[in-house]
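Chains Z and V, in that order, give the protein sequences.
Under the numbering used here, the first residue of the first sequence carries the number 32, and numbering increases by one thereafter.
Under the numbering used here, the first residue of the second sequence carries the number 18, and numbering increases by one thereafter.
Don't read these hints as lab results, they were simulated from the structure.
Quantities reported herein were computed from a predicted structural model and do not represent experimental measurements.
Accuracy of the hints is not assured; some may be wrong.
[Claimed, not checked] With a straight-line Cα cutoff of 20 angstroms, these simulated DMTMM-like cross-link-like pairs (lysine to aspartate or glutamate) come out:
1. 121/Z / 37/V
2. 121/Z / 584/V
3. 403/V / 809/V
4. 753/V / 176/Z
5. 74/Z / 302/V
6. 596/V / 584/V
7. 686/V / 159/Z
[As the list claims (entries may be wrong)] Just so you have them, the derived chain Z footprint on chain V, three or more residues with Cβ under 8 angstroms:
8. 31-39
9. 45-54
10. 505-517
11. 730-743
Beta carbons: idealized from backbone N, C-alpha and C, even for Gly.
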Amino acid sequence: MTRTITFKLNGRPRVVEVEDNETLLEVLRNKLGELSVKAACYKGECGLCTVLFNGRPVKSCMVLAVEADGGDVVTAAGIASNGELVPVQKSFIEHGAFQCGFCTPAFVVASHYFLQKNPNPTREEVKEFLSGILCRCTGYKQIVDAILDAAKYYRK
Amino acid sequence: MSSSQFKIIGRPVPPPDLYEKVTGTAQYTFDMDFPGLLHAKLVTSREPHAKIKSIDFSKALQVPGVVAVATGKDFPYRLGIYVGDRDILAIDKALWVGHPVAAIVADNIRAAEKAIDLVEVEYDPLPPVFDPEEAVKPGAPILHPDLAKYTISPAFKPVPGTNIANLFRLTKGKGEAALDSADVVIERNFRIPFTTHAYMETWSTIAHYKVTGDIEIWTSSQSPYAPRYLTAMSLGIPVGKIKIRIPYVGGGFGGKAGILNEPLVAMLSKKAGYKPVKLVMTRAEQMKSMPIVAGYRAKAKMGFSKDGRIVAYSVRFLFDGGAFADYAVNVARTAGYACTGVYDMPNAYCESITAYTNKVPTTAIRGFGYPENHWVLERMMDIGAKELGISPLEIRSKNFLRMGDPTSTTGYGTPMRADQGDLPGVMKTSAELIEWDKEPEQPKEPWKIRAKGIAVSLKGPSQPPNAVDAAVIKFNEDASVDVLVATGNYGQGTVNALRMLVAEYFDLPLDKVHLTWMNSTEWNPYTWQTVGSRSLFTVGSALLDACEDAKRQILDVASKVLKVKPEELAIADGKVYVKGEPWMSIPLSEIVMGYTFPNGQVYGGPIIGKGKHYPAVLSYLDPDTGQALPINAETGHGEPGHVTVFYTFGSTAVEIELDLLTGEVKVLKATQVYDLGRVINPLTATGQAIGGLVMGMGRALYEEIVFDDTGGVANPNFSFYYIPRAKDAPDDIRVKFLETPQANGPFGARGFSENVMIAIIPAIANAIQRGTGVEITELPMTHERVWRAIKEQRPDLIEKAMKALKEWKG
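All chains should be built: construct the whole structure from the sequences, respecting the hints.
Now the structure itself:
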């Protein structure tokens with residue numbers, strides 16, 4: 032069955048017709064062209080489709096699109112305002128915290144959320160938080176360094 | 018770290034693709050869409066080995082949205098880079114559980130997904146063979162009865178009538194017979210399982226076969242020319258009719274080298290009425306149906322003199338290539354020819370067989386035979402050290418290749434040169450960084466122990482002699498430069514480093530050197546492939562040749578204007594000036610489109626530099642002797658050729674913590690030391706060293722493809738195929754680069770992005786052995802495998818640890 036849902040995507044209202052068994056990931060990528068949301072497994076294992084849903088990070092492949100009705104979704108493409116990168120994005124660049132870049136949007140959106148919640152994290156807390164998102168290129172160290180380095184901007 | 022003689026080289030320069038990547042605007046083939054784009058899905062075999070009797074699409078065709086269907090009979094082509102054994106859909110026989118046997122094209126992905134479940138395939142089962150040792154025995158079921166008819170690259174030797182996809186043998190000195198004259202001979206068996214690359218972007222390809230016969234392809238390949246050539250050859254289409262475009266690529270690690278699904282998608286586009294078609298693998302399809310990484314069994318013998326010199330070495334690798342080994346034959350061959358590693362061995366025999374079995378096919382992998390070869394060699398060195406009672410550093414130092422020593426791997430009689438790198442220095446630095454002489458501080462839990470281990474590696478590109486490269490630079494009106502190179506950018510940092518070479522050469526600011534994000538055969542000149550850590554060296558050499566070509570043209574124009582000889586001119590700060598008289602100058606921007614004299618007359622024209630690199634020192638290895646064929650007398654006085662254009666030396670040392678009760682191994686500290694010749698960009702070089710270390714830890718500790726009773730992949734997902742996560746990566750990684758300039762490298766540089774995952778694997782096992790005396794010779798070193806090895810070899814340690822735990826709990 033199909034139904035029409037309305038939700039906010041990166042601050043703008045969107046109306047879209049979805050199937051009952053369609054995931055938020057599928058709708059974001061295939062129907063709304065929100066291609067900053069990547070996917071490497073479609074079953075909740077890789078974390079690459081992480082978005083903020085009603086202010087909390089979720090794997091969008093694990094959310095049915097109908098659940099997003101009336102909700103608020105923010106992706107990596109939606110956290111910078113007027114082209115001004117948020118501190119964690121700048122820090123990823125400085126630290127060379129990515130290689131192929133396919134997982135980067137997920138790490139960026141998740142760590143931006145994380146630092147807002149916990150601007151004084153320990154290294155272990157960062158690593159624990161990130162362990163649900165896979166990266167095959169970087170070995171994670173520069174990602175963790177980038178997040179710890181960016182934390183100071185979230186403390187202000 | 019880097020010499021101050023340079024302005025750009027040696028600076029930590031973030032790659033220019035960063036903004037697009039952190040904002041999620043970078044586009045990958047996976048993301049691309051076109052008006053009217055159709056979607057394909059594959060029907061795969063449920064039989065490991067069977068004749069295909071019939072394929073019935075009648076129900077599938079009823080699904081609304083289905084546009085076209087295809088079977089292997091529609092496209093009866095064979096392809097591959099070295100041994101052309103692959104089909105694009107099973108032609109008449111299915112060779113493994115997961116073998117694509119049919120394809121559906123639909124106007125939406127959901128329709129295609131629904132339709133593949135409704136295709137009815139009838140099979141006539143044949144006896145399968147899953148074990149490589151069984152597969153090479155006489156009487157085994159033969160997977161490729163037409164092997165003799167396949168297109169084979171000259172350096173390879175399949176054995177028709179058997180399941181041997183390639184047979185490579187190398188003999189040095191008296192070979193294995195010399196083991197008899199050794200004082201101590203050690204003999205061990207080794208195993209590596211199948212693994213997978215686990216790049217995050219799965220194989221994604223879009224093809225548009227046009228009514229004109231031109232084919233446009235967008236694909237997540239490592240570089241564009243190899244898939245174009247192989248597609249053209251396999252389909253019998255002129256190469257120039259095919260255009261391959263590569264946007265950003267989500268990782269490769271060798272698994273996107275050679276050819277992906279380009280020929281299949283191109284033919285599906287034609288079959289679907291000349292409409293563009295997209296095929297993206299799911300993770301499960303990627304791991305069950307597309308080529309992954311070969312495993313092996315190996316038997317090694319090493320003979321030492323009493324004082325620890327290697328007298329003779331023999332190793333026999335039996336690689337399990339799965340059902341197609343088109344690219345993996347060269348991984349196995351490379352493990353064979355590089356068998357002696359960094360050591361001077363007077364006598365050696367190395368054999369490497371690639372066997373066909375009814376399992377998922379295999380292909381190239383980061384490291385390409387060297388992680389495989391070093392797993393045996395670097396373990397044998399530590400086992401030898403233990404048997405002889407000398408230290409791991411001493412046994413290595415005693416046997417290192419020294420300047421002038423002939424190597425088995427650079428071809429007979431090709432001596433080591435001083436500019437190839439500081440091999441003893443690499444190990445010494447690695448040992449210093451891990452504080453080798455200091456006993457590790459033991460953890461407070463008495464059932465855990467800490468220990469240190471070390472390994473040394475070498476790696477060179479395993480490229481054929483005809484792996485040639487070109488580069489073009491175009492000056493723009495504002496004296497900025499467009500760099501045109503076809504080598505791929507999937508995160509390695511190479512194209513950024515190439516941009517830095519050009520900026521350094523012309524003394525331009527980095528923002529005046531531009532790269533194209535979309536790599537295409539249409540505008541970027543030929544490069545053989547982006548593989549083997551070769552591009553900085555080979556494409557970099559071509560690019561500097563292009564810079565010289567452009568410089569000649571610029572100085573020619575400037576000499577006409579400034580009325581001095583070209584050799585008296587130099588370029589800096591956006592100007593051409595007279596050496597010693599810098600006030601005599603012209604801005605580059607007034608030259609690069611031709612100089613306009615006061616009377617309006619123009620001299621020169623647009624400056625475009627072209628350059629090339631070809632590895633004149635390489636020749637084929639004779640597959641029976643492992644010897645490089647002589648180079649033409651015209652260029653090399655008939656001396657033997659080389660097998661690789663450079664070698665890079667590396668060393669990894671680790672401090673691990675081992676839980677004796679669970680077998681869990683944690684890497685607490687690790688070193689990554691490489692002699693890079695010249696560090697072009699320390700930021701991205703460090704990124705490679707760290708990323709490769711953790712990828713190597715995955716292969717060492719966690720990763721293993723598991724097969725079920727039908728030979729099918731039982732763990733095609735990230736839950737049961739575990740790759741390292743943030744919590745597994747060590748915090749304390751000590752990276753250091755030595756710089757012994759390579760005489761013929763661009764600014765002295767060598768490549769290294771595969772070497773970074775070689776030494777870590779044996780280093781961990783060597784640490785376990787030093788801490789416990791327990792020998793591990795099989796990968797991965799999972800908790801269970803390590804615990805079982807301790808239980809078998811040192812049960813006393815477990816008993817002691819149990820006792821300590823009880824006392825601890827008190």
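Comparing the hints with the structure gives:
1. 121/Z / 37/V: Roughly 12 angstroms separates the two Cα atoms, so the pair holds.
2. 121/Z / 584/V: Violated, because 45 angstroms separates the two Cα atoms, which is more than 20 angstroms.
3. 403/V / 809/V: holds, 18 angstroms
4. 753/V / 176/Z: This hinted pair holds, its Cα atoms lying about 18 angstroms apart.
5. 74/Z / 302/V: Distance of about 14 angstroms is within 20 angstroms: holds.
6. 596/V / 584/V: holds, 9 angstroms
7. 686/V / 159/Z: Satisfied, since the Cα-Cα distance of roughly 19 angstroms is no more than 20 angstroms.
8. 31-39: Coverage by chain Z holds for the stretch 31-39 of chain V (8 residues, Cβ < 8 angstroms).
9. 45-54: Since 4 is at least three, the answer is holds.
10. 505-517: Answer holds; 4 residues pass the 8 angstroms Cβ test.
11. 730-743: holds (count 7)
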